[in-house]
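Colleague: Listed here are the chains, written in short residue letters.
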Amino acid sequence: MAGSLPPNIDRRELLPLLFPDPGQWLFVSGLAGASRDAAALTGDGTNLYTMAGTMGAAVPMGLGMALSAPDRKVAVINGDGEMLMGIGSLVTVAAAQPQNLTVVCQDNTMHGETGGQRGHTAGATDLETIAQGAGIASTLTISEPGQIADAAAFIAERPGPRFLVVRVLPTPPSDFKRDMDMAACRVRFRQAFLASAGVPDPSI
Amino acid sequence: MTDEHPHAKWSGVMFGIFRDAGVKLFTHVPDAGNDRLIALAEAHNDTRVVLLTSEEEGVAICAGADLVGERAVLCMQSSGLGNCPNFLSLAKGARFPLLMTITMRGDYGEQNPWQYPMGEAVEPLLQAMGVLMFKVERRDELEKATTAALNASGNGAQAAAIVLSQKFLGAKGF
Numbered sequence: 001m002a003g004s005l006p007p008n009i010d011r012r013e014l015l016p017l018l019f020p021d022p023g024q025w026l027f028v029s030g031l032a033g034a035s036r037d038a039a040a041l042t043g044d045g046t047n048l049y050t051m052a053g054t055m056g057a058a059v060p061m062g063l064g065m066a067l068s069a070p071d072r073k074v075a076v077i078n079g080d081g082e083m084l085m086g087i088g089s090l091v092t093v094a095a096a097q098p099q100n101l102t103v104v105c106q107d108n109t110m111h112g113e114t115g116g117q118r119g120h121t122a123g124a125t126d127l128e129t130i131a132q133g134a135g136i137a138s139t140l141t142i143s144e145p146g147q148i149a150d151a152a153a154f155i156a157e158r159p160g161p162r163f164l165v166v167r168v169l170p171t172p173p174s175d176f177k178r179d180m181d182m183a184a185c186r187v188r189f190r191q192a193f194l195a196s197a198g199v200p201d202p203s204i
Numbered sequence: 205m206t207d208e209h210p211h212a213k214w215s216g217v218m219f220g221i222f223r224d225a226g227v228k229l230f231t232h233v234p235d236a237g238n239d240r241l242i243a244l245a246e247a248h249n250d251t252r253v254v255l256l257t258s259e260e261e262g263v264a265i266c267a268g269a270d271l272v273g274e275r276a277v278l279c280m281q282s283s284g285l286g287n288c289p290n291f292l293s294l295a296k297g298a299r300f301p302l303l304m305t306i307t308m309r310g311d312y313g314e315q316n317p318w319q320y321p322m323g324e325a326v327e328p329l330l331q332a333m334g335v336l337m338f339k340v341e342r343r344d345e346l347e348k349a350t351t352a353a354l355n356a357s358g359n360g361a362q363a364a365a366i367v368l369s370q371k372f373l374g375a376k377g378f
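Chains as they are written, first to last, in the working numbering: chain G, 1 to 204; chain B, 205 to 378.
It is possible that part of the hints are untrue.
[To be verified] Okay, the calculated beta carbon distance ranges per label pair:
1) B:A352 - G:A52: 28 to 34 Å
2) B:E327 - G:P159: 56 to 62 Å
3) G:L17 - B:K371: 55 to 61 Å
4) B:V217 - G:V187: 29 to 35 Å
5) B:P317 - G:E144: 39 to 45 Å
6) B:E246 - G:N8: 55 to 61 Å
7) B:G334 - G:T125: 33 to 39 Å
8) B:Q315 - G:T171: 54 to 60 Å
[Unchecked claim] Here are the simulated lysine-lysine pairs, BS3-like style, with alpha carbons at most 25 Å apart:
9) B:K213 - B:K339
10) B:K339 - B:K371
11) B:K228 - G:K73
12) G:K177 - B:K296
13) B:K228 - B:K348
14) B:K339 - B:K296
Note that these hints are calculated values from the structure, not bench results.
Each residue gets a CB set at the ideal place from its N, CA and C atoms; glycine is no exception.
This is chain G alone, in the form it adopts within the complex (with noise of 0.2 Å):
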């Protein structure tokens, strides 16, 4: 069983080896180590929305924008305790069928933020087979380095939506200083996005 799988992934080397190319891409991730690896990955740049609350929201958010943006590649990361939290968001997406959206959770199997409380993945809860049982049809579970050329694979290939489970060592996160100002966060994604789209934005 996927869930029983012992973690041997360094969360802070994950994510350049999964996105070869981020400016491709556009990310949104949970809070909170998720979010540090996220804006370690890009730079904390525009093309990415960082979230440091709203536990659960990092799934939804994404599908939001694959929905609106379909010629985008979507890609949410977040950890266990996140998706747990906003676990039927799964159905969601798998009801909505996304093409364009990857869904990437760093499972440490504990709440890093809070103090590395032990979470439910550390026991028997799976969470691959939670997502197919919602209806998503591409899933990948990992946790051994070896295996990531084959995630980033999946990630490439496989018809969306996709989620994959990394098993990554209770490390701490990428040591990156984000800006936390979510209102402005907000503002300059929107800027970035509408200029990359030629759009002018109404708002401005």
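Dock chain B against chain G, hints included.
Modeller: For chain B alone, kept in the frame of chain G given last:
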């Protein structure tokens, strides 16, 4: 064939205003009050419906649409607003101009005691989380309230909720 549903006419008016304002994504948890509005969004080529498992997902989906310059709406019953406050940090803190319709239970004429606590909490909850309220109690208020909410959540850059009272919708009989 004309739709004889009691909510058909005003739902058609509201849908037309939403569509003209560029609202493309209709997220919802099913409710008798928004049933016709969602049916219209399902039937129209320019709009898409997303069925949610919980209302808070709709808050985040609408925010995601906004990040890429599109407009979306969350349609829910008043009880569903109780599932949303943490995610409404996206309204109060991040200033996402969220748009929602709230079909009331637990106000005028309600006969189910389970609906009153959340029904009475709608107004203070919206206020606490920075969402403007546009209330509809009479049929002649519908167009103005809908347009006002779209203006507020459009160029006005505010989160806005159209609250459809049971005085307007009629209370469900038990």
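Colleague: Decide, hint by hint, whether the structure agrees.
Modeller: Consistency of the hints with the structure:
no., hint, in the structure
1, B:A352 - G:A52: 28 to 34 Å, "holds, 33 Å"
2, B:E327 - G:P159: 56 to 62 Å, "violated, 45 Å"
3, G:L17 - B:K371: 55 to 61 Å, "holds, 59 Å"
4, B:V217 - G:V187: 29 to 35 Å, "holds, 33 Å"
5, B:P317 - G:E144: 39 to 45 Å, "violated, 56 Å"
6, B:E246 - G:N8: 55 to 61 Å, "violated, 46 Å"
7, B:G334 - G:T125: 33 to 39 Å, "holds, 35 Å"
8, B:Q315 - G:T171: 54 to 60 Å, "holds, 56 Å"
9, B:K213 - B:K339, "holds, 18 Å"
10, B:K339 - B:K371, "holds, 11 Å"
11, B:K228 - G:K73, "holds, 19 Å"
12, G:K177 - B:K296, "holds, 23 Å"
13, B:K228 - B:K348, "holds, 20 Å"
14, B:K339 - B:K296, "holds, 20 Å"
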